[in-house]
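Once you've looked at the hints, dock chain B against the given chain A.
Protein sequence lines correspond, in order, to chains A and B.
Residues in the first sequence are numbered consecutively from 1, following the numbering used here.
Residues in the second sequence are numbered consecutively from 1, following the numbering used here.
Among these hints, one or two may not hold up.
What the hints assert, rightly or not - Taking CB as the label site, the calculated pair distances span: (1) R314/B / Q127/A: 38 to 44 Å; (2) A48/A / G385/B: 41 to 47 Å; (3) T165/B / Q127/A: 32 to 38 Å; (4) E468/B / G221/A: 45 to 51 Å; (5) S332/B / G91/A: 28 to 34 Å; (6) V112/B / Y226/A: 51 to 57 Å; (7) P207/A / K519/B: 57 to 63 Å; (8) D68/B / G91/A: 56 to 62 Å; (9) A198/B / Y226/A: 24 to 30 Å.
Stated by the list, open to error - A few chain A positions that, by computed beta-carbon distances, are all more than 10 Å from chain B: (10) Q30; (11) K37; (12) Q115; (13) F128.
Calculated directly from the structure, the hints in this document are not laboratory data.
Backbone N, C-alpha and C fix where the C-beta goes; we use that ideal spot for every residue, glycine too.
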Amino acid sequence: MKSTVYLFICLWMLGSSAAIASTLTEETRQDLFSQAKDYFRQANELRASSPQQAGELYQKALLRFERLVRDGGIENGKLYYNIGNTWFMMGQLGEAILNYRRALRYVPHDANLRQNLEYARSQRKDQFEEQAQEQVMKILLFWHYDFSLKTRFLVFMSFFGLFWLGLIVRLFQREWVPPWGLFLTSLTAILLLGSLMVSEWHDHQNPAGVITETEVIARKGDGQSYQPGFREPLHEGTEFSLLDSRNGWLHIQLPDGRESWIPEATAGLIHSIEPPVSNIE
Amino acid sequence: MVKRNFVFLFVVLSQALLWGTISLAQSPISARIALESQEVYLGASFVMQIQVEGAESPDKPDLSMIQDFAVLEKGGQQNSRSSVTIINGRMVRDDHHGYIFSYELVPKKLGVLILPALKVTANGQTVWTDAVRIKVIKPATTDEFKLFMELSDHVVYVGQPVTLTMSWYISKNVNEFNFFVPVLEQPEFKTADLPLPADLANNKAYLEIPLGSDRALGKKTTESLNGKEYLVVRFKKILFPKQTGEIHLPQSTVAFNAVMGLQNQTRRNQFDRFFNDDFFGNSLFNQQREVVKKFVVASNESVLKVKPLPVEGRPDVFTDLVGQYSMQAEASVTEVQTGDPITLTLRVSGPDFLDNVELPPLNQFPPLSQNFKIPAEMSPGKIEGKHKVFTQTIRPLNARVKEIPAIPLPYFDSAKGSWETAWTQPIPLKVAEARTITAKDAEGVALMVQPEQKVLETQDSGIAYNYEDLSVLENQAFYPSVWLRSPVWMGLLAGMPLLYVALLGWTRWRLNNDSGQEKRQLRQAGNVFFKTLKSLSPESAEFSRDLLNALRQYLGSKLKLKAQALTISDVTQPLQDRGISEDLLNQTRQMFEQCEALRYGGSLSASNATQLMDSAKNLVQELEKKGKWS
Chain A
1 MKSTVYLFIC LWMLGSSAAI ASTLTEETRQ DLFSQAKDYF RQANELRASS
51 PQQAGELYQK ALLRFERLVR DGGIENGKLY YNIGNTWFMM GQLGEAILNY
101 RRALRYVPHD ANLRQNLEYA RSQRKDQFEE QAQEQVMKIL LFWHYDFSLK
151 TRFLVFMSFF GLFWLGLIVR LFQREWVPPW GLFLTSLTAI LLLGSLMVSE
201 WHDHQNPAGV ITETEVIARK GDGQSYQPGF REPLHEGTEF SLLDSRNGWL
251 HIQLPDGRES WIPEATAGLI HSIEPPVSNI E
Chain B
1 MVKRNFVFLF VVLSQALLWG TISLAQSPIS ARIALESQEV YLGASFVMQI
51 QVEGAESPDK PDLSMIQDFA VLEKGGQQNS RSSVTIINGR MVRDDHHGYI
101 FSYELVPKKL GVLILPALKV TANGQTVWTD AVRIKVIKPA TTDEFKLFME
151 LSDHVVYVGQ PVTLTMSWYI SKNVNEFNFF VPVLEQPEFK TADLPLPADL
201 ANNKAYLEIP LGSDRALGKK TTESLNGKEY LVVRFKKILF PKQTGEIHLP
251 QSTVAFNAVM GLQNQTRRNQ FDRFFNDDFF GNSLFNQQRE VVKKFVVASN
301 ESVLKVKPLP VEGRPDVFTD LVGQYSMQAE ASVTEVQTGD PITLTLRVSG
351 PDFLDNVELP PLNQFPPLSQ NFKIPAEMSP GKIEGKHKVF TQTIRPLNAR
401 VKEIPAIPLP YFDSAKGSWE TAWTQPIPLK VAEARTITAK DAEGVALMVQ
451 PEQKVLETQD SGIAYNYEDL SVLENQAFYP SVWLRSPVWM GLLAGMPLLY
501 VALLGWTRWR LNNDSGQEKR QLRQAGNVFF KTLKSLSPES AEFSRDLLNA
551 LRQYLGSKLK LKAQALTISD VTQPLQDRGI SEDLLNQTRQ MFEQCEALRY
601 GGSLSASNAT QLMDSAKNLV QELEKKGKWS
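This is chain A alone, in the form it adopts within the complex:
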């Protein structure tokens, strides 16, 4: 009960720090997007014949896409997907996977995104077996894993409203609203509320992240003096859950459950814990 109350408070309070303001006009946004598209296309054409020039053009496209996010205040799955593609074309697998994962929050059903993410994952050096328990959870709790936060929220609100409407109608016309109808609507609403709370909890307590450096020596503690945690370094594109953050070091948990510490600068988080202060409304 206490934790539920805490989650509600978390949901409430985090809302105040989550809204990001735009400092760009609509016209500027469209211009930036148009330029980014053009640079990306030009880079694709030059990729085979002049890789260096193509790299510079990808960089230009990337700066514009990222400015749309940073200054334009646009959180969009397709935009993150485009950013991921640009990083991928530049050979930065870690950044590509990081942005694909960000896109997944908004457009989890997008077939292209799924395909690109899987392909990028297949290219990384560190491969982990997903734990069987997690696979089963993904099948059983499909609504939690496959639906975006927004979809889950809207469906929750619909069922929440239906439940109370049913109760109100039942006050006057008992026979119009069967008890099983009330039970089903309340059950659906509770499941979706639980899913929303878990997502928020996870995003702020154990946010997911991706290693963006080519190679990182993961250590047993939060400092260079600790022994390496693994015989081989971790490589870019490796995904993890953040357990703790301390003095510029991240305590991470890998998909197979093993834990280690890496320097903060070598990885990116999919969902920022704190948005930039200047952009907070």
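Just chain B, lined up with the frame of chain A:
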């Protein structure tokens, strides 16, 4: 000014380059021998350098004159440097060109040995080093240490892997050990290492042993030899004999310092330390100084007889496999359509060392390549336990394929002394024809022209296109907590429960209020009647009585009268007052009369009872509609 500086620098550098070239061409060369020590132990290796001055790339010295020492080459490196000094405007350039050859030498006998003068050739000039005297002294001998060299076979064929095992028996604490294993440098062999053990990561029993330019993984165990307990350091190497004949394997040595005691120590059981984790640790933190003594232990010598592979019967495709091998095949699926991928797994078993095992290319094996599409490249094999596992994707080309044929692995059987072939078992397959739907099918013309059918395969690699429509700029930022703070969603979330609570309170209040109760009864009278009607059984003997009572109850509630003994005359006027028509009043009267007649006058069939019930239901529905009840 800047321009003048550049000119000056150019002149200086060009002069330096010119002088350097001239001096390099003209400078005489010299050579000398430098030794790590001129007093060495028998069997212990030491470093010898031949330092050449005046040449950057001299020819390799001729060492054939060195007879009393075993020699191992350890490479060479340039030793050139140059500097330019300008004093009072006068430039002095100092050029030094040189090369250093390094060798590891092991003396073969005791006494004062002569390292003869060695010939060095460079830039077309020949010079000789001075001869050097080296005193070889006998190391301490003891039974506390032993070194054994063993071969897994003594008679083998060319290319057949032989395991060389070195076992060093130790019964005192030692440090600064140095192995000299000349067999690993012999040109008659190619060497390899066994796969790393699975428990290597966290097992302190393993240690890395430097072997000249090579390394080996040693394992520490404790063993008993002739009734005495020893710590044994053992390492293995794989030897592949490259040429035939009898190959002499000279003795190997290990030189080391043994700790004989601790200075100022009263008594201590040294043997206890052999099995401690700091077996090779130093004594930096010890308060007492260790008393060490130099030992050199030599192994036995050995001979390996290498036989040639017979020419007769040698297969066309042979991948240098000598030993005894077998191979099993597995298919990922056995029921497919033409063109579907099948992962073929080939598992090769054989000797301890399988790293060198390669399979002949499967696409050059006609029984397979005729019926299957096979990529030219095959995945490199992977060692899994005592097997090497290869995987290859193959795709059946037509529906006539009934099996994956037996696949051969030719090898030379060293035990039988003959050429053999290991075969896999054929794997039965069910291949169905793949139907390709074309645009012409949709137009109904596919039957007329049968084009060549091909299965369209999805290319799994590569990423998909960027999105370019304006939906990319739509802000999908979604934070539930932000939404919940908006008046609309807050209203929905909190408003509905509040509304419910308010309505619930209101209805409860009305229930508890007398007039409210009456009104409620009035409103719900119809529902109560219909519910009662449903509960009546037409077969029951009391049916007509119960029906009449239900009707009385209904009219009593509606007209606010006592229901128990209502008659039609009691209700006629009140019903008229509430606007009930004469016709409906007559129907009510008939219903009363019918029920009372039946109650006192006889029974009713089930169908008639149902009919009566329907009439009563219709009557009450009409009364509900037509009456002004409020």
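message = Checking each numbered hint in turn, tell me which of them this model violates, lowest number first.
response = 10, 11 and 12
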